[in-house]
Amino acid sequence: MYCGIDLLAAEVGNTVEASVSDCMDHCSWFQPRCFGVTYYTQNQTCSYKGDGVNSTMLSTSKSDNVNVNSAIAYANQMVALDGTCPYQNNSVIETSEGMPFRIVCDQDMAGWGDYFPWGYDYRPHTETMSECMEICSQAHPLCLGVSWNSDLSAGFGNCYLKNSQNGSLSSDTIHTHSALVNLPSLDACDSVSDPQQIFSNDKTFNVTCFEGRVGSSNITSVYSANITGCIDECATYNGTESCLAVFYDNSFDDGFENCYLLNDTGTEIAPLNSTYAELVSSDNSTSTSTPDSSDNSSSSKAWVAGPVVGAVAAVTIVALGFLWWRRRAGRRQDTKFTPIELDQSPPPHKPVELSGLSQNRVPEMDGETVVRHELA
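Under UniProt numbering, the first residue of the sequence shown is numbered 1, with each subsequent residue one higher.
Just so you know, the hints here were simulated from the structure itself, not pulled from any lab data.
Here are the simulated distance ranges between beta carbons:
| no. | residue 1 | residue 2 | range |
| --- | --- | --- | --- |
| 1 | Ser61 | Thr15 | 24 to 34 Å |
| 2 | Asp187 | Val222 | 12 to 22 Å |
| 3 | Leu81 | Ala225 | 30 to 40 Å |
| 4 | Ala18 | Asp64 | 18 to 28 Å |
| 5 | Met78 | Ser281 | 57 to 67 Å |
| 6 | Glu241 | Met78 | 40 to 50 Å |
| 7 | Leu81 | Val222 | 22 to 32 Å |
| 8 | Glu241 | Thr41 | 39 to 49 Å |
| 9 | Ser242 | Met78 | 41 to 51 Å |
| 10 | Asn166 | Thr236 | 31 to 41 Å |
Heads up, the beta-carbon is just placed ideally off N, CA and C, and yes, glycines get one too.
Construct all of the structure, not just a fragment, from the sequences and the given hints.
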């Protein structure tokens, strides 16, 4: 970061940004790819600089260096990654949580629903395609595919998350590999045949079909193949907060992690294709009281019954340069999806386990439009 110094390099584009940190963030996924910025504080203009930018282009003239700050990316951050497709073409690979992807080597999903899930308002960067798929599996609302640009030719933000499968794959001159989600089938809740109570870990839960909650906060979310497994997660949860209920999304609309552990019972609503289960007794008590829903009436911010996410980390500007790209507050996009069918696909294989990805919970963003760019 160069405070009070202009960067006299050719501009490849500009936008209006609220701060120099926003300017640097936008550079991370700007197209054509960006290697540096100059931010003019007087009119909040962010000027993006292209390939070849270096510190010799910093101005030494006092007249240039008024109401201006600049930053240059480390050159080694923009070095192309291995362009070889990391998996066999058309193979099925599962993430650590079991989300299945069909691999499509050397193909781009350009024109498909490029979106930023909650927790992101800039496109993420990953060193591997597997990491990109892991982010997709943890995304809310539902992510249905990824395109991963290995050579960074479209910018540092090289993991393109997709919320649609309505498009066609295309070959491209840049190194891009794609993966399409094939969602498992889940049965709808059946109030006639399904049990009204489920017992797990010496705890009793009342089960209600087609019911959601407002005014309740999520402790965490995980994938579960059925309501019984979701209740087991709650019954065995030993975190700092008590799990008092679960919301189970039978539709996956809000993400592959469709089992939401709740720390409050909130107030009843009736969304479609969902199941609610509330703890009513445990081994050390005959009943569990229902907390006053008014105490947490505003805690469910991200949606009416499921994902509720916490605060983002504060933005930090590094003095010697910028390691800019990070996850920040995201926006909800209400879109319904139809999973694809995979025919005659090979059996799934587990990839090498990755170190745990951050699951920072974030508040829902406002409706301000962010321009997004597809791979050309």
